[in-house]
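Asks: Sequence:
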Amino acid sequence: MHGRLYNQLELEIAIIPQTPLLIKSGQKASIDPALPDMQFVRTRRRLPDGYVDEVVYIPGSSLRGVVRAHAERLLRTLDEKHACPVEAKKLCLRQKGLKEDKEPADRLYCESCYACKLFGNTGIASRVQMSDLYPAIEPLSESRFGVAIDRITGAVAVGPFDLEVVTDARFEGRIILRNFTVGQLGLLGATLLDIADGLVALGHAKSRGLGRVQIEFTHAQFRFSKPANGEILGVGELTENGLQNAYKLPTNDKIAVDSFHAIQRDALYYQVNSTDTAQIRHWLEEVAPRWVEEVSRAG
1 MHGRLYNQLE
11 LEIAIIPQTP
21 LLIKSGQKAS
31 IDPALPDMQF
41 VRTRRRLPDG
51 YVDEVVYIPG
61 SSLRGVVRAH
71 AERLLRTLDE
81 KHACPVEAKK
91 LCLRQKGLKE
101 DKEPADRLYC
111 ESCYACKLFG
121 NTGIASRVQM
131 SDLYPAIEPL
141 SESRFGVAID
151 RITGAVAVGP
161 FDLEVVTDAR
171 FEGRIILRNF
181 TVGQLGLLGA
191 TLLDIADGLV
201 ALGHAKSRGL
211 GRVQIEFTHA
221 QFRFSKPANG
231 EILGVGELTE
241 NGLQNAYKLP
251 TNDKIAVDSF
261 HAIQRDALYY
271 QVNSTDTAQI
281 RHWLEEVAPR
291 WVEEVSRAG
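Numbers 1 to 299, taken from my numbering, label the letters of the sequence shown in order.
For the record, the hints were derived by calculation from the structure and aren't laboratory data. Source: prediction; values computed, not measured. Just so you know, nobody snuck in bad clues.
For lysine-lysine, the following DSSO-like pairs were computed, each having C-alpha atoms within a straight-line distance of at most 30 Å:
| id | residue 1 | residue 2 |
| --- | --- | --- |
| 1 | K81 | K99 |
| 2 | K81 | K102 |
| 3 | K226 | K248 |
| 4 | K206 | K81 |
Required output: the full structure, derived from the provided sequences and hints.
Replies: The structure is reproduced here in structure tokens:
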């Protein structure tokens with residue numbers, strides 16, 4: 001199915017910490033005593049003035065991990081079978097004895113759980129891509145100190161140690177969703193809205209209040225291979241019958257949404273664009289409930 005592009009959402013977002021944020025570096029603590037024990041992850045970037053420097057950033061893999069984990073949590077709330085168990089030996093394709101290199105793509109897709117159909121597994125590609133998010137303004141950071149307490153004695157078990165947290169920043173990046181059903185768009189939207197509303201935190205020390213963020217949806221561009229006519233069209237509405245049947249894609253895979261009429265033709269595709277944060281959020285809110293309907297109908 002990924003050999004053709006039927007539809008696409010390109011969503012530009014900004015993540016703004018509402019409480020201190022720490023995305024830990026995978027490196028071991030530095031021998032430099034001036035650096036904190038737990039450092040924010042960094043990368044080297046060329047700044048607008050041409051100078052190359054290290055900057056803190058949010059890896060796309062970190063955001064993707066949080067998004068997938070919460071999406072799977074929502075799916076398991078409906079029914080355990082819609083997301084793979086945590087244990088590697090019980091992943092959906094392995095449970096059914098399927099070998100990824102010997103089965104056709106349509107069967108691997110149909111036999112995968114709903115979470116894997118969206119986020120991918122070892123047999124099928126993901127429909128979601130998440131870029132790294134880089135600071136648009138100079139981040140403000142500070143060191144915080146902590147200790148681990150022995151629950152039996154009440155004494156210090158580990159520490160003291162210090163954490164580098166970002167207290168004020170604006171991280172900008174992009175999410176791309178390709179060849180999606182309306183339900184898959186709804187599940188991604190529901191997950192992003194929960195993060196934006198502070199129900200899901202990012203990074204380290206979430207139980208201590210770190211990692212609450214605000215998400216701004218700064219630009220959305222939908223592309224469809226057919227005219228949308230005021231509707232978000234899923235891949236089930238855009239593919240030919242043979243492919244729809246092979247992949248068991250939903251029928252009537254579309255939803256009418258408000259203010260979805262500014263169609264622009266660009267080469268092969270019909271586009272709908274918006275830079276209105278409130279409007280983009282409204283579109284996601286409109287489509288969010290559809291994942292429950294789609295999952296329930298598929299069984």
